[in-house]
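Just so you know, the sequences run in chain order C and Y.
For the first sequence, the working numbering gives the first residue as 683, with consecutive numbering after it.
For the second sequence, the working numbering gives the first residue as 8, with consecutive numbering after it.
Just so you know, these hints were derived from the structure itself, not from any lab.
A virtual CB, placed ideally from N, CA and C, is assigned to each residue, including glycine.
Don't take each hint at face value.
Said to hold, decoys possible - What follows is a list of derived Cβ distance ranges for each label pair:
| # | chain 1 | residue 1 | chain 2 | residue 2 | range |
| --- | --- | --- | --- | --- | --- |
| 1 | Y | PRO76 | C | ALA763 | 41 to 49 Å |
| 2 | Y | PRO25 | C | GLU697 | 30 to 38 Å |
| 3 | Y | VAL22 | C | LYS779 | 24 to 32 Å |
| 4 | Y | SER74 | C | ASN712 | 23 to 31 Å |
| 5 | C | ILE695 | Y | THR104 | 20 to 28 Å |
| 6 | Y | SER74 | C | SER750 | 41 to 49 Å |
| 7 | Y | GLN77 | C | ARG736 | 36 to 44 Å |
| 8 | Y | GLY23 | C | ILE695 | 29 to 37 Å |
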Amino acid sequence: SQQGEEDPQALSIQEGENATMNCSYKTSINNLQWYRQNSGRGLVHLILIRSNEREKHSGRLRVTLDTSKKSSSLLITASRAADTASYFCARHQGAQKLVFGQGTRLTINP
Amino acid sequence: SQTIHQWPATLVQPVGSPLSLECTVEGTSNPNLYWYRQAAGRGLQLLFYSIGIDQISSEVPQNLSASRPQDRQFILSSKKLLLSDSGFYLCARASTTTEGKLFFGSGTQLSVL
């Protein structure tokens, strides 16, 4: 598959714990993006990390990128029930197309 | 504004019936526009993208077609729906920066019965 692949497919943790999701890809990238999708809704862009960056933060989100391993991770710290959603990584395939992985379904238990 | 209008939110159609889903966007002119489909609990499959009026690229052979009659209008159509066309259809527009972030509409849940 040319898409990013997330793992795990599903993750269930207690509120307050940290959640880590991983994404692997197969070809070179200019940047890698993470999106969030609440059930039955459209995706929302969370964070973008460029190929020359190794780590990026946004609030409780931390994204890392290892281009040698062709992998990225998304860490959500101090999780809240409202973080329950599906999370997708995405990368460009050519200049115009953005392809998505299968996603990680995150459940935060109160 | 990056507002994307997508309707209807929910649609139930019989097999063999036609389909027309419309997406209109606000903001800068000549945006790149996209149609994705998502099966339940799965990732997004890119169906079509458009870089301009009447410029459509199809990603997978299927029972669907797309048109872009106006700069900010993107339409997904089918002449005869199949059961396998059921899914969650999402319209998106690309940001104007070179990084190519996408902004998504709220989606249409299509059930073909």
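Quick rundown of the hints versus the structure:
{"no.": "1", "hint": "Y:PRO76 to C:ALA763: 41 to 49 Å", "verdict": "44 Å, holds"}
{"no.": "2", "hint": "Y:PRO25 to C:GLU697: 30 to 38 Å", "verdict": "47 Å, violated"}
{"no.": "3", "hint": "Y:VAL22 to C:LYS779: 24 to 32 Å", "verdict": "30 Å, holds"}
{"no.": "4", "hint": "Y:SER74 to C:ASN712: 23 to 31 Å", "verdict": "30 Å, holds"}
{"no.": "5", "hint": "C:ILE695 to Y:THR104: 20 to 28 Å", "verdict": "34 Å, violated"}
{"no.": "6", "hint": "Y:SER74 to C:SER750: 41 to 49 Å", "verdict": "43 Å, holds"}
{"no.": "7", "hint": "Y:GLN77 to C:ARG736: 36 to 44 Å", "verdict": "43 Å, holds"}
{"no.": "8", "hint": "Y:GLY23 to C:ILE695: 29 to 37 Å", "verdict": "45 Å, violated"}
Hint violations for this structure: numbers 2, 5 and 8, all remaining hints satisfied.
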